[in-house]
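J.: Generate the whole structure from the sequences, applying the supplied hints.
Numbering-wise (our numbering), the sequence shown opens with residue 95 and increments by one.
These are calculated hints, taken from the structure and not from any lab test. Mixed in with the good hints there might be a few duds.
[Stated by the list, open to error] Restraint-style ranges between C-beta atoms, simulated for each label pair:
#	residue 1	residue 2	range
1	97	142	54 to 60 Å
2	235	268	22 to 28 Å
3	233	267	16 to 22 Å
4	161	141	24 to 30 Å
5	97	167	50 to 56 Å
6	219	183	20 to 26 Å
7	195	99	40 to 46 Å
Where is the CB? At the ideal position from N, CA and C, for every residue including glycine.
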Amino acid sequence: MAKPTAGLQRRLKTEVYKRAAQVAEIDFVVFLAGPYIEPEDKSKSSQSVASVLRFELFHSLSKEGYTVSLGEYHELIDSYKEELGPHHNAAAAELDHAQEVASLVIMIPDSPGSFAEIGAFSMKEDICKKMIILSDVTHEKSDGYLNTGPVKCAESLGSEVVYVDYKEVADCFSIVKKFSDRVKSKLILKLRLKT
95 MAKPTAGLQR RLKTEVYKRA AQVAEIDFVV FLAGPYIEPE DKSKSSQSVA SVLRFELFHS
155 LSKEGYTVSL GEYHELIDSY KEELGPHHNA AAAELDHAQE VASLVIMIPD SPGSFAEIGA
215 FSMKEDICKK MIILSDVTHE KSDGYLNTGP VKCAESLGSE VVYVDYKEVA DCFSIVKKFS
275 DRVKSKLILK LRLKT
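T.: Set out below in C-alpha coordinates:
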(Lines of atoms letter the chains of each structure in order from A and count residues from 1; the text may use other names and numbers.)
(Lines give C-alpha, C1' and ligand atoms only; values in the text may rest on other atoms or scores of the structure.)
Protein backbone atom coordinates (compact mmCIF):
# COMPACT_ATOMS: atom_id res chain seq x y z
CA MET A 1 0.00 0.00 0.00
CA ALA A 2 1.30 3.46 -0.89
CA LYS A 3 2.26 5.83 1.91
CA PRO A 4 0.80 9.37 1.90
CA THR A 5 3.10 12.37 1.90
CA ALA A 6 4.05 13.98 5.23
CA GLY A 7 1.67 16.89 4.59
CA LEU A 8 -1.22 14.56 3.87
CA GLN A 9 -0.38 12.45 6.93
CA ARG A 10 -0.67 15.56 9.14
CA ARG A 11 -3.99 16.45 7.54
CA LEU A 12 -5.32 12.90 7.97
CA LYS A 13 -4.35 12.95 11.67
CA THR A 14 -6.26 16.21 12.04
CA GLU A 15 -9.29 14.57 10.39
CA VAL A 16 -9.09 11.66 12.84
CA TYR A 17 -9.16 14.07 15.81
CA LYS A 18 -11.99 16.05 14.22
CA ARG A 19 -14.09 12.92 13.70
CA ALA A 20 -13.41 11.73 17.25
CA ALA A 21 -14.65 15.08 18.57
CA GLN A 22 -17.84 14.81 16.48
CA VAL A 23 -18.48 11.28 17.75
CA ALA A 24 -17.94 12.42 21.34
CA GLU A 25 -20.69 15.02 20.89
CA ILE A 26 -23.31 12.42 19.92
CA ASP A 27 -25.70 11.83 22.81
CA PHE A 28 -26.35 8.11 22.56
CA VAL A 29 -29.63 7.45 24.40
CA VAL A 30 -30.42 3.89 25.45
CA PHE A 31 -34.02 2.99 26.31
CA LEU A 32 -33.74 0.05 28.71
CA ALA A 33 -37.07 -1.78 28.94
CA GLY A 34 -37.89 -4.66 31.22
CA PRO A 35 -39.13 -5.51 34.70
CA TYR A 36 -39.50 -2.64 37.17
CA ILE A 37 -36.37 -1.28 38.87
CA GLU A 38 -35.41 1.68 40.98
CA PRO A 39 -31.96 2.71 39.72
CA GLU A 40 -30.92 4.20 43.07
CA ASP A 41 -32.05 1.29 45.25
CA LYS A 42 -30.80 -2.21 44.47
CA SER A 43 -32.89 -3.79 47.23
CA LYS A 44 -36.07 -2.61 45.48
CA SER A 45 -34.71 -3.82 42.15
CA SER A 46 -34.10 -7.45 43.03
CA GLN A 47 -37.55 -9.02 42.82
CA SER A 48 -36.38 -11.26 39.96
CA VAL A 49 -33.19 -12.26 38.18
CA ALA A 50 -34.33 -10.17 35.20
CA SER A 51 -34.78 -7.04 37.32
CA VAL A 52 -31.29 -7.53 38.79
CA LEU A 53 -29.94 -7.84 35.23
CA ARG A 54 -31.75 -4.65 34.20
CA PHE A 55 -30.44 -2.82 37.28
CA GLU A 56 -26.85 -3.93 36.55
CA LEU A 57 -27.12 -3.06 32.84
CA PHE A 58 -28.46 0.39 33.77
CA HIS A 59 -25.40 1.09 35.91
CA SER A 60 -22.88 -0.51 33.53
CA LEU A 61 -24.19 1.46 30.55
CA SER A 62 -24.25 4.67 32.59
CA LYS A 63 -20.61 4.12 33.59
CA GLU A 64 -19.77 3.69 29.90
CA GLY A 65 -21.16 7.18 29.23
CA TYR A 66 -24.53 6.26 27.77
CA THR A 67 -27.64 8.22 28.66
CA VAL A 68 -30.00 5.51 29.90
CA SER A 69 -33.75 6.11 30.05
CA LEU A 70 -36.39 3.97 31.71
CA GLY A 71 -40.15 3.82 31.34
CA GLU A 72 -40.35 4.16 35.14
CA TYR A 73 -39.37 7.82 34.84
CA HIS A 74 -42.52 9.84 35.42
CA GLU A 75 -40.70 12.81 33.88
CA LEU A 76 -40.33 10.86 30.63
CA ILE A 77 -44.04 10.06 30.51
CA ASP A 78 -45.06 13.56 31.64
CA SER A 79 -42.85 15.22 29.03
CA TYR A 80 -45.29 14.03 26.34
CA LYS A 81 -48.45 15.50 27.93
CA GLU A 82 -48.55 18.62 25.80
CA GLU A 83 -47.51 16.90 22.58
CA LEU A 84 -49.95 14.00 22.88
CA GLY A 85 -52.78 15.96 24.49
CA PRO A 86 -55.86 13.82 25.16
CA HIS A 87 -54.01 10.78 23.77
CA HIS A 88 -51.31 11.06 26.44
CA ASN A 89 -50.57 7.77 28.19
CA ALA A 90 -47.51 5.75 29.21
CA ALA A 91 -47.71 3.46 26.16
CA ALA A 92 -47.81 6.31 23.63
CA ALA A 93 -45.07 8.23 25.45
CA GLU A 94 -42.73 5.22 25.61
CA LEU A 95 -43.40 4.34 21.98
CA ASP A 96 -42.61 7.88 20.85
CA HIS A 97 -39.52 8.01 23.07
CA ALA A 98 -38.24 4.71 21.64
CA GLN A 99 -38.87 5.91 18.07
CA GLU A 100 -37.75 9.52 18.24
CA VAL A 101 -35.26 9.86 21.10
CA ALA A 102 -33.60 6.51 21.75
CA SER A 103 -30.59 5.53 19.69
CA LEU A 104 -30.81 1.98 21.02
CA VAL A 105 -33.56 -0.08 22.67
CA ILE A 106 -32.71 -2.96 24.99
CA MET A 107 -35.66 -5.20 25.80
CA ILE A 108 -35.67 -7.67 28.70
CA PRO A 109 -39.10 -9.31 28.44
CA ASP A 110 -39.87 -10.71 31.89
CA SER A 111 -42.86 -8.88 33.35
CA PRO A 112 -46.38 -7.88 32.29
CA GLY A 113 -45.27 -4.33 31.43
CA SER A 114 -42.29 -5.49 29.40
CA PHE A 115 -44.47 -8.02 27.55
CA ALA A 116 -46.77 -5.14 26.58
CA GLU A 117 -43.76 -3.01 25.54
CA ILE A 118 -42.33 -5.72 23.29
CA GLY A 119 -45.77 -6.20 21.73
CA ALA A 120 -45.96 -2.51 20.83
CA PHE A 121 -42.32 -2.05 19.83
CA SER A 122 -42.22 -5.21 17.68
CA MET A 123 -44.65 -3.64 15.20
CA LYS A 124 -42.41 -0.63 14.48
CA GLU A 125 -39.59 -1.28 12.02
CA ASP A 126 -37.69 1.88 12.97
CA ILE A 127 -37.56 0.68 16.58
CA CYS A 128 -36.77 -2.93 15.65
CA LYS A 129 -33.70 -1.92 13.66
CA LYS A 130 -32.14 -0.52 16.83
CA MET A 131 -33.53 -3.06 19.32
CA ILE A 132 -31.91 -6.03 20.97
CA ILE A 133 -34.10 -8.49 22.84
CA LEU A 134 -32.44 -10.37 25.68
CA SER A 135 -34.79 -13.28 26.22
CA ASP A 136 -34.33 -15.83 28.99
CA VAL A 137 -32.64 -18.97 27.68
CA THR A 138 -35.32 -21.09 29.35
CA HIS A 139 -37.81 -19.74 26.79
CA GLU A 140 -35.67 -20.41 23.71
CA LYS A 141 -37.62 -23.48 22.56
CA SER A 142 -41.02 -22.16 23.64
CA ASP A 143 -43.72 -22.01 21.01
CA GLY A 144 -45.77 -19.64 23.16
CA TYR A 145 -47.19 -16.36 21.96
CA LEU A 146 -44.22 -14.22 23.02
CA ASN A 147 -41.81 -16.16 20.77
CA THR A 148 -44.21 -16.80 17.90
CA GLY A 149 -45.70 -13.30 17.98
CA PRO A 150 -43.77 -10.22 19.15
CA VAL A 151 -40.28 -11.76 19.21
CA LYS A 152 -40.69 -13.28 15.74
CA CYS A 153 -42.18 -10.05 14.38
CA ALA A 154 -39.40 -7.91 15.88
CA GLU A 155 -36.73 -10.23 14.48
CA SER A 156 -38.31 -10.08 11.01
CA LEU A 157 -38.14 -6.27 11.18
CA GLY A 158 -34.46 -6.17 12.14
CA SER A 159 -34.23 -6.75 15.89
CA GLU A 160 -31.48 -8.92 17.24
CA VAL A 161 -32.83 -11.66 19.51
CA VAL A 162 -30.42 -13.33 21.90
CA TYR A 163 -31.34 -16.04 24.39
CA VAL A 164 -29.26 -15.50 27.52
CA ASP A 165 -28.93 -16.64 31.10
CA TYR A 166 -30.13 -13.59 33.04
CA LYS A 167 -27.76 -14.55 35.90
CA GLU A 168 -24.73 -14.01 33.63
CA VAL A 169 -24.69 -10.22 33.84
CA ALA A 170 -21.16 -9.82 32.41
CA ASP A 171 -22.03 -11.96 29.37
CA CYS A 172 -25.25 -10.01 28.84
CA PHE A 173 -23.39 -6.71 29.07
CA SER A 174 -20.82 -7.93 26.53
CA ILE A 175 -23.63 -8.84 24.11
CA VAL A 176 -25.32 -5.47 24.63
CA LYS A 177 -22.02 -3.60 24.21
CA LYS A 178 -21.26 -5.31 20.88
CA PHE A 179 -24.77 -4.56 19.63
CA SER A 180 -24.61 -0.94 20.78
CA ASP A 181 -21.24 -0.49 19.07
CA ARG A 182 -22.78 -1.71 15.78
CA VAL A 183 -25.82 0.55 16.16
CA LYS A 184 -23.61 3.49 17.12
CA SER A 185 -21.37 3.02 14.06
CA LYS A 186 -24.45 2.90 11.79
CA LEU A 187 -25.76 6.08 13.43
CA ILE A 188 -22.44 7.83 12.92
CA LEU A 189 -22.32 6.76 9.27
CA LYS A 190 -25.91 7.94 8.77
CA LEU A 191 -25.09 11.33 10.30
CA ARG A 192 -22.00 11.68 8.11
CA LEU A 193 -23.95 10.88 4.95
CA LYS A 194 -26.42 13.67 5.79
CA THR A 195 -23.68 16.31 5.79
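J.: Output the numbers, in ascending order, of every earlier hint that fails for this structure.
T.: none
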